[in-house]
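Protein chains in written order, with numbering that gives the first Met the number 0: chain B, 0 to 327; chain R, 0 to 286; chain X, 0 to 545.
What the hints contain is simulated information worked out from the structure, not anything from laboratory work. Misleading hints may appear alongside valid ones.
As the list claims (entries may be wrong) - Think about it this way: if two alpha-carbon atoms lie no more than 20 Å apart in a straight line, the pair counts; the simulated EDC-like pairs of lysine to aspartate or glutamate are: (1) B:K129 to R:D275; (2) X:K148 to B:E50; (3) X:K375 to X:E292.
As the list claims (entries may be wrong) - Here are the in silico distance ranges between beta carbons for each label pair: (4) R:P55 to X:S272: 26 to 34 Å; (5) X:P457 to B:K71: 33 to 41 Å; (6) B:L234 to R:Y173: 52 to 60 Å; (7) R:I30 to X:E345: 14 to 22 Å; (8) B:F134 to R:Y173: 40 to 48 Å; (9) X:D190 to R:E112: 51 to 59 Å; (10) X:H136 to B:K186: 56 to 64 Å.
As the list claims (entries may be wrong) - Derived, one-sided and incomplete: chain R residues facing chain X with beta-carbon distance under 10 Å: (11) L53; (12) S54; (13) S65; (14) G141.
C-beta atoms are modelled at their ideal positions from N, C-alpha and C, and glycine is treated no differently.
Below are the chains, spelled out letter by letter.
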Amino acid sequence: MGLNAGYILKRVGFALVTLYVAITVNFLLPRLMGGDIADTIASEMALGSPEVAAALREQFGLDNTNLFYQYKQYLVQLFQGNMGVSYVNYPAPVTEVMLSALPWTLGTVLIATILSYGIGWMIGIKGAWKSGSLFDNISLFVSFFLNSVPYFWIGIIMIMIFSFHLDLFPLGKAIPHDFDSLSFMGKITTIIHHAALPVISMIIASLAGHILVLRNNLIRVLSEDYMLLAKAKGLSNRRRKYTYGARNALLPSFTGLMITLGHVIGGALTMEIVFSYPGVGLVTFNAILNHDFPLIQGAFLFIAISVIIANLIADLMYPIIDPRVALQ
Amino acid sequence: MKKLKSILAYLWELIPGTKGVLGLAIIFCFIVIAIFGSYIAPYEKNYIAFEAWLSPSFTHWLGTDSYGQDILSQMIYGTQTSLLVAIVAGSITTCIGVLVGIVAGYKGGWIGEGLMRIVDLFLIIPTLALMIILASFLPSMGVTNTILIIGLLSWLYMARSIRSQTMSERESGYVEAARMAGMGDLEIMFREIMPNIIPVILANLVLVTTQAVLAEAGLSFLGLGDPSAVSWGTILSLAHANNAVLFNAWWWILPPGLAIACLCFGFILVGNGILDRFQANRGNAAL
Amino acid sequence: MIKNKQTRWLLSFSFTIMIILMIGCTTNNPAISSNNDSDGKIQFHLGETINPEQVSNFNPFLVNGNWQGLFEYIYEPLFYFNPVQGELMPVLAEELGTWSEDQKTYTVELLDDVVWHDGQEFSAEDVLYTFHALKEHKVLDQYQIWSDKRLNEVTADGNTITFKLNEKFPSLPFYLSTVEIVSKHSFDGEDPSTHLNKEPIGTGPFKYKSVNESAIILEKNADHHSHVPTIDELVVNRFNNASTLTLSLEEGSIDASTGTIAMPSIPKLLENSAAKMQVYPGLNVFSVIMNNERPGLDDEAVRRAIQLAIDRTTLIEKAEMNSVFPANPGFLPKVFNEMVDDALFENDAYQFNIEQAIQVLEEAGYTKNTNGIFEKDGKELAFTYNMASNAPAQNKEGTMITQWLQEVGIKTTVKLVTWPELTKLAMSGNYDLLQNGIEFPPDPQAALEVFHSKMTAPEGENTPGLNYMRFSDDDVDQWLDEASVADETTRQDLYKKVQNRIAEQAPVAVMYNVGGHIPYRVDNFTNYNEDVPVYSAISLSQVEPK
């Protein structure tokens, strides 16, 4: 039976409401921070001259301080696909700044997330199948430990060992300086070479969570009646393991995967700071430090939209994978 | 006195197994270090007149940092801040999480649905970014503010977990019986249901405490902690900012990270122990 | 069955990625620097923290969206202010200009035979265009050289440029050094306040070649009018934090930075015989800025006590690794040579002295309460102390200073804010104590006018200038007004008076003076010019490979 219209409408409706609230919160949050960017720039660059500050304010469209007016302007502009002009990147538009940072983040975090899920699932399945074995116990303890370690610490140690002492990987950055003069294969190789440490560190940091979730789900599924029935019917180990066990255990973590994918853009902040990687996280962090409202809003909007879309897809696909959901 | 003893005994019951005991032992060690910190620490807090970048020796077991501070002493004083943030922020989170979770789970209807929608909404905003914004917005970043920011922003997943547990409890016979006996909603929620899901709450408490330790380290690492307070996070962030890597100063980088890892490891072991026991007794528990 | 296939697919997929990663790991590191790239070009690697928002445009008029340091290589001003010697050097001008009798007209002869990077000829028209752009777009005129009392008009006659003034303005040549001359033809038809100028055309010794996430690449200008660079390419490597930059410097993948370095790493870096450090005074004075209007801080004795409680030598040694210059208690930094009252630096009355600080407070009628904090009329000396977040050296210095204040008997509550917030607090006067740098143009008058009462505003209003202290002293105002139109020797005397008054009144407690601390490596290149900043266009035109 799959999908019914009511379910779809409800989900899409919720996504739209969420989007509206996100946009509004997004408008208000940076303004709560206070601070007049025009004054700041004037003070840093022009001996605090009020003339320059006034001229800057006009340039940024901040001359009307009425919050409702600014809100209206913001919504109208947004509707036209205009996220405004970044203060510190002036006169470059926010969309341009964000789009130039996006591929680096998407590339590294997507690959890291997918790999880490894949590896986590495999270890989880193996552990749960032989629950209580040496392998299971070791993987369990290592997972607990990895879950306890601060991510940036792993990053620092990897840089210390692999970049600085062994000189196997470059220090920070995403591409070499002479990138433009390289051949196509050369470009690919150098990108991978630069992204390797960040990706591996993210895999290590997120692996533990996936192992634990899948292991627990699978152990639960394995104790269900139909699994015993399958065994009694004499189905092969392999078939039971993957077709019956893993499939049912994977379902709940599918939602998890979608949500994680939604958080891809926002999740890389620490990684990008530790590895000096030129992505969205770094742009967001700098924007916050510089009080660059339009850019902060742009970054948050990108993040919010990606999370909302990922959630919506998960919600809409779930009934197809597991028809029981739509019936509830 | 007797009552206290029975409560303690009950709590001991909850934390079974080798894992749990090992976890408790680890946490206990850190608590002792935190309480007696000023007696154990070989040197005064923030004393900066030693030679910089000394590697470990008998006078400085963990060497000195770029400012000429004894790292072992800093680590010991750091234990106090890190534990304080963990425990207080963890408790705040738990209070909010339990409250929202039980109300949403028991009440259901538009109250429950509404509360959960708010939770869903907040889950969209990346917590770390929100913490950074708040941290830079607040007038000052003392330990109190760090605790508040972490405490007030980390209850979302916990509320979900408590809610689903409450929903399954709601259908149990004892709740029905209490309702028959004419108990009010509040009474049922907090005198009947809550005691029954204590293990789930405890397991969650342990988990959010772990997250608080990590969040404090993360905020400090981003330079948004309290510079006058010494915590493991600030030690690590200073080591990074001062290029300890260049000096090959592993004695500055490894200890704070390992300390955070050990403490959190202890908490996770305890939480897992509680949950194992609960699952063995009651079947599934969602976390 | 389906799932089975998927899992296998997942397995092989992850394997493929792993293998690709392995290949990535084993290939030789292409980023390792050498004098020559594959085509045998001589490349000099400079490193700097250049964030993504600093390559949005290459328009030298704009104050944001670009990295100002780049323009020094591509563009040229009429004069270059050399911070190492504290003097002006002619660049696009034949020599320094001449003043008329009445000191209200300044004439400059332009160089002959200068060509733009695109081959077009440089002329007086370009200079006129540049200055008129500042006149027509107030927002671009950072230092207000077109304000009512300053420039009246700029005219050209052949190769002679004449600057006519409304009132005497002896510092004009210093201000001219802040203006990079742009080519009229490349800005033609564009609004200079929004033009992105993605292909900058200058007259400087280096031409723009390309930019990517990791570097900005410049190549030598073989037709430069005075000195054609020996190196073929100047690669400005982009970093986004000082730590990584410093590691690269240590590793040898960059040859110099333009001043960015992780301060605590300096001793380690200098252990390497290939690394050197050029240190010179500059135009930024880091201080504990005090709000002179706040109760407690409006008392000269309290400000003096705070001034006495700051151990500048220790700050410089422990936190700034001897890479900054001692600050003048009378504020004016060493870079202004004979204008500076050198005696103030050594004057015992202004050296770190906790007992003296306590004594000053006791003499002013303050007594210690049971907490060991001084108070008067029941009011404790307790202040908030603001400093920048995300700045470890600053935070360490703040911790040291607040500890010294505690020893004296002054209580502080530390508050961490972002850099922009710090500036905002300073401007609005919504603070007690605030640790930050005060930066000014290369003009002693501008540096001291920081203390002029016309540069301030009451608390709650933004200051029109840099007098964040909200300090006012009639004598200082008068001396400064006289100095603004006086001849050199009179100015010198007046400035000395101002400096002494500032030291006595202590409106700020100075910490140190930041100019340049330039790390550079001498293992690949030689012939740096140390009479100017080693990273400057002049010096990098001369460097040659070893």
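Evaluated hints:
no.: 1; hint: B:K129 to R:D275; verdict: holds (17 Å)
no.: 2; hint: X:K148 to B:E50; verdict: holds (15 Å)
no.: 3; hint: X:K375 to X:E292; verdict: holds (17 Å)
no.: 4; hint: R:P55 to X:S272: 26 to 34 Å; verdict: holds (28 Å)
no.: 5; hint: X:P457 to B:K71: 33 to 41 Å; verdict: holds (34 Å)
no.: 6; hint: B:L234 to R:Y173: 52 to 60 Å; verdict: violated (41 Å)
no.: 7; hint: R:I30 to X:E345: 14 to 22 Å; verdict: violated (53 Å)
no.: 8; hint: B:F134 to R:Y173: 40 to 48 Å; verdict: holds (41 Å)
no.: 9; hint: X:D190 to R:E112: 51 to 59 Å; verdict: holds (54 Å)
no.: 10; hint: X:H136 to B:K186: 56 to 64 Å; verdict: violated (41 Å)
no.: 11; hint: L53; verdict: violated (13 Å)
no.: 12; hint: S54; verdict: violated (13 Å)
no.: 13; hint: S65; verdict: holds (4 Å)
no.: 14; hint: G141; verdict: holds (8 Å)
The structure shown violates the earlier hints numbered 6, 7, 10, 11, 12.
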